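Colleague: What follows is the residue order along each chain.
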Amino acid sequence: MRVIVSDIMKTKEVNRGLKVSLCIILFLLSILIMQLGEGSFRRTRSNLTIGVFSGSYWDVQNGNTYRILDDAIEKFEKKYPNINVTYETGIIKSDYTEWLNEKIMSGSMPDVVFILGSDFSSLAEIGALKNLAALSGSDRNFTKEDYFSSAWESGKYAGKQYALPFECAPQLMFVNKTILNREKIALPDADWTWDEFYSICKKVAHSSEEGNNQYGVTGYDWTCAFNADGVDFFSNGSEKVDFTVPPITDSLNLLEKLNELNDGYQVSGADFSDGNVAFQPMPFSQYRAYKSQELRIKKYSGFEWSCLTMPAGPDGDNVSELDTLCIGMSSSTNMEKEAWNFMKLLSADPEIQREILLYSDGLPVMRNVTLSDEAQELIEGDHESSLNMEMLEQAIDHSVVTPRFRGYSGAKEQVDLAVRSILDGVSNIETEQILWNREINNYLQTIN
Amino acid sequence: MWTAGSDVGSPDNQILKRMPDFLLRVLLVLNFLIIITMAGFMARSIIGTVHAGEATAFLEAAGRMPVEAGKIPMVVMVLYLTLMVLTTVICNNHWELLAKSVGECIIVAIISIMLGMGYTGAMFLVIADVIRYKIDWKERALYIVSVSMFYIILNSQMVLKLLNIIPVDVYWTYYSVHFQEGLTAGFSTMKLVNIFIFIFYVVIIALAQMSEADRIYSLNLKLQAANEQLEKYAKESAHNAEIQERNRLAREIHDTIGHSLTGIVTGIEASIMLMDVSPDAAKQQMKAIEEVARAGITDVRQSVRALRPDILENNDLENAVMKMIDDMRKSTGVTIIYENSVRIEGMSEDEEDTIYRIFQESITNSIRHGKASRIECYMRKEENFLHITISDNGIGCKDVKQGFGLHHMQERLNLLQGELKYSGTEGFTVDVKIPIRWGKEKWDD
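As they're listed, the protein sequences go chains A and B.
Mapping of the first sequence onto this note's numbering: residues 1 to 448, in sequence order.
Mapping of the second sequence onto this note's numbering: residues 449 to 893, in sequence order.
Certain hints may be false.
Straight line, CA to CA, 20 Å or less: simulated EDC-like cross-link-like pairs of lysine to aspartate or glutamate [what the hints assert, rightly or not]: (1) B:K586 to B:E693; (2) B:K609 to A:D59; (3) A:K103 to B:E508; (4) A:K412 to B:E508; (5) A:K144 to A:E430; (6) B:K670 to B:D724; (7) A:K202 to A:D232; (8) B:K735 to B:D724; (9) B:K881 to B:E797; (10) B:K582 to B:E502; (11) A:K19 to B:E660; (12) A:K93 to A:D59; (13) B:K582 to B:D469; (14) A:K202 to A:E239; (15) B:K819 to B:E831; (16) A:K203 to A:E260; (17) A:K103 to B:D724; (18) A:K93 to B:D662; (19) B:K731 to B:D747; (20) B:K771 to B:D801; (21) A:K93 to B:E508; (22) A:K240 to A:D59; (23) A:K344 to A:D70; (24) A:K19 to B:E717.
If we take Cβ atoms under 7 Å as the criterion, some of the chain A residues that face chain B in the derived model are [as the list claims (entries may be wrong)]: (25) L18; (26) K19; (27) F27; (28) G90; (29) I91; (30) I92; (31) D95; (32) E98; (33) N101; (34) S106; (35) G107; (36) S427; (37) I429; (38) T431; (39) L435.
These are computed hints drawn from the structure, not numbers from a lab.
As the structure is a prediction and not an experimental result, all values here were calculated from the model.
The beta-carbon is built from N, C-alpha and C at its ideal position, and this holds for glycine as well.
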């Protein structure tokens, strides 16, 4: 009897053990399913996929779509013959964000993706991009010192490196030299200030009898002014900001003064291309595009023009914004090493970077490539040299990266609203600043 | 009390007892339905969002990448299966129950996270599983409070934010407003049904346990009655033993003294008749009577001895032996050495009697027949035997005849499968081996 009882107990024990092991196995199975990427089943380990849009990042069609990428792929496949690099063609830039997000949601994000400046923070935020710190840190053939520092910074989100820069373009002040010559004003130096800027604007702004009005500047907004006067707004993401600091007061004063010169007329970019405005801030890619042989007759053809650094505010420097096209890696890639090598080839290979000078309108992010003698020739083409390379270097070195955090566009709209209402209003700027400081911070709290 | 199931009771109780298990099964099925439906709709939403070209809007609202559409139902299903198996595991102690509950909580938490915190009601399953155990209410309350706290934390907005989980509502935005309403209404109804069944389950468990308490009370009453009966039996049995003992004494007296006295009376009658005829024959006859009388005395002594010694009634064996030896020393002045390396506990009365008798008989023999001045007694354990040696420095006995004492010893030892050896060549030595059969002997080796 005793034996039978203990046998039953033993079976119970065994059953229990079995059940517990079954639980553990099932639990591990669920983790395994979670961990399995789509690639684990479908993709072979020799096919590296790239996410890229057709056309130029700089919104200037130049017929060289995919040219640089194809060359890079050729070079890469020569070096790693067993890896096949593929990409989907025909996704235009305006559809690219949605296309990429759809890929992400269906779990088939390409291993390496080109990242539009406006998409970068949301891609990093949702965790679609891999943190590259470990890869770049362990790669001895890679050093971030090869890059322009702000180009490198533009791959950062919340202090972590999520992308490598591919090509960049600083914001520059386009100058209508014909107007300046007509008014007998000398072209300012690369370290010019707000005072010079304002006095030139004031000098050129007048209406002529033929109804051909002439204006000082268009497109110079608060971001330009804040950058120039050393206000690092939103540098801490969506944390509290101080809208009442003196440099902001100065900026608002300048904008107000510039506005007053126009007698209530809204000066537009069209006025500049018609040759009626002395200054307009524009990305350097515009300069390259319209200086080129093919496009030079299309725009800005009625006058002599060049570009300058942005003017410095009293508390700041000749700082401009840098727009960068970046490349990132999918956080779920199973070809990490291959993807990194390909990204490195695109971003840090002098030969490929040099092709940006040939086939794109941006600038290479590698310092040595952009500042080479060959680069100057390639940028200038066959016409007279009006570009000061030192100025360009200074512009890039002093550039800042557009703030990157989720909700930036909304926050920017709030400041837009504040600046517009302050400039349009009649009350004291400092009082308005205090009122809007509260408004802006209230908004920031809602997106936090 | 560590059982999850229950044993038999009255038919009324049977239903009450099967009910919780049945309700638990209903809860398991219902939760499965809720979870799998929700996972299905979420997966459908992801696929649909991609097809509708609304991925950007979705990701903006979500703030993070969703899990791949196909994985949600698959992982949730496997995890739920794990939970179901885990609920059938029976725990034997607190640690096991604690480990099991923690495991269940973790699984439910992962399922809830996978479902964008859209459904956390599976936590009721964990509570339901815990309170099946008949642990006392204090501990049970502790479990319920801990799991409930976990449930509340899981339901708080904090978790959504802290773990950066996409709320289930974001998935629902894919569906038309009309459908969304239906969806949320459907799920809240199912959640309510889940809670309702859970409450019903708790009530039934409480009821079942109350009826269990009733049953225990009635069993207690029965037990008390049985105890009283037993006490009565015990008294009767003592009385019976008394009568038996009286009968035995009567028989003993009849067999010994009665026998001798009869012999003596008959002999004396014969002597009276012979006295005048032949005084010599009468004298011889008287001698024979004397012998009979002496034999009678021996018999009486034997009988008295055969009764259990009083000393053993009141003392344990060790003390009894020591007291007996001490008395012997005092009354005879003989040196008696006694050494015992065995702690004797848990022996039967027979064994104790026998050992005591062996010591008593052997020492008496040594003094009376051997005229010894020094006696050594040893008791020790050898393998599975109790070994007793009693030796003296007396005159010994070249040709030992088994007298009544040794014979008696032999008989008693036979009953215990023991062994008796003796030798009278150098003094007198008695050697006894008794197999040890008593339970948990404790040895002071």
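Colleague: Give a verdict on every hint.
Modeller: Against the structure, the hints:
no.: 1; hint: B:K586 to B:E693; in the structure: violated, 57 Å
no.: 2; hint: B:K609 to A:D59; in the structure: violated, 38 Å
no.: 3; hint: A:K103 to B:E508; in the structure: holds, 15 Å
no.: 4; hint: A:K412 to B:E508; in the structure: holds, 17 Å
no.: 5; hint: A:K144 to A:E430; in the structure: violated, 42 Å
no.: 6; hint: B:K670 to B:D724; in the structure: violated, 80 Å
no.: 7; hint: A:K202 to A:D232; in the structure: violated, 28 Å
no.: 8; hint: B:K735 to B:D724; in the structure: holds, 17 Å
no.: 9; hint: B:K881 to B:E797; in the structure: holds, 17 Å
no.: 10; hint: B:K582 to B:E502; in the structure: violated, 54 Å
no.: 11; hint: A:K19 to B:E660; in the structure: violated, 30 Å
no.: 12; hint: A:K93 to A:D59; in the structure: holds, 9 Å
no.: 13; hint: B:K582 to B:D469; in the structure: holds, 14 Å
no.: 14; hint: A:K202 to A:E239; in the structure: violated, 38 Å
no.: 15; hint: B:K819 to B:E831; in the structure: violated, 34 Å
no.: 16; hint: A:K203 to A:E260; in the structure: holds, 13 Å
no.: 17; hint: A:K103 to B:D724; in the structure: violated, 147 Å
no.: 18; hint: A:K93 to B:D662; in the structure: violated, 79 Å
no.: 19; hint: B:K731 to B:D747; in the structure: violated, 24 Å
no.: 20; hint: B:K771 to B:D801; in the structure: holds, 15 Å
no.: 21; hint: A:K93 to B:E508; in the structure: holds, 19 Å
no.: 22; hint: A:K240 to A:D59; in the structure: violated, 35 Å
no.: 23; hint: A:K344 to A:D70; in the structure: holds, 15 Å
no.: 24; hint: A:K19 to B:E717; in the structure: violated, 96 Å
no.: 25; hint: L18; in the structure: violated, 10 Å
no.: 26; hint: K19; in the structure: holds, 5 Å
no.: 27; hint: F27; in the structure: holds, 5 Å
no.: 28; hint: G90; in the structure: violated, 16 Å
no.: 29; hint: I91; in the structure: violated, 13 Å
no.: 30; hint: I92; in the structure: violated, 14 Å
no.: 31; hint: D95; in the structure: violated, 9 Å
no.: 32; hint: E98; in the structure: holds, 5 Å
no.: 33; hint: N101; in the structure: holds, 4 Å
no.: 34; hint: S106; in the structure: holds, 5 Å
no.: 35; hint: G107; in the structure: holds, 4 Å
no.: 36; hint: S427; in the structure: violated, 36 Å
no.: 37; hint: I429; in the structure: violated, 35 Å
no.: 38; hint: T431; in the structure: violated, 36 Å
no.: 39; hint: L435; in the structure: violated, 30 Å
The structure fails to meet hints 1, 2, 5, 6, 7, 10, 11, 14, 15, 17, 18, 19, 22, 24, 25, 28, 29, 30, 31, 36, 37, 38, 39 from the earlier list, while all remaining hints are met.
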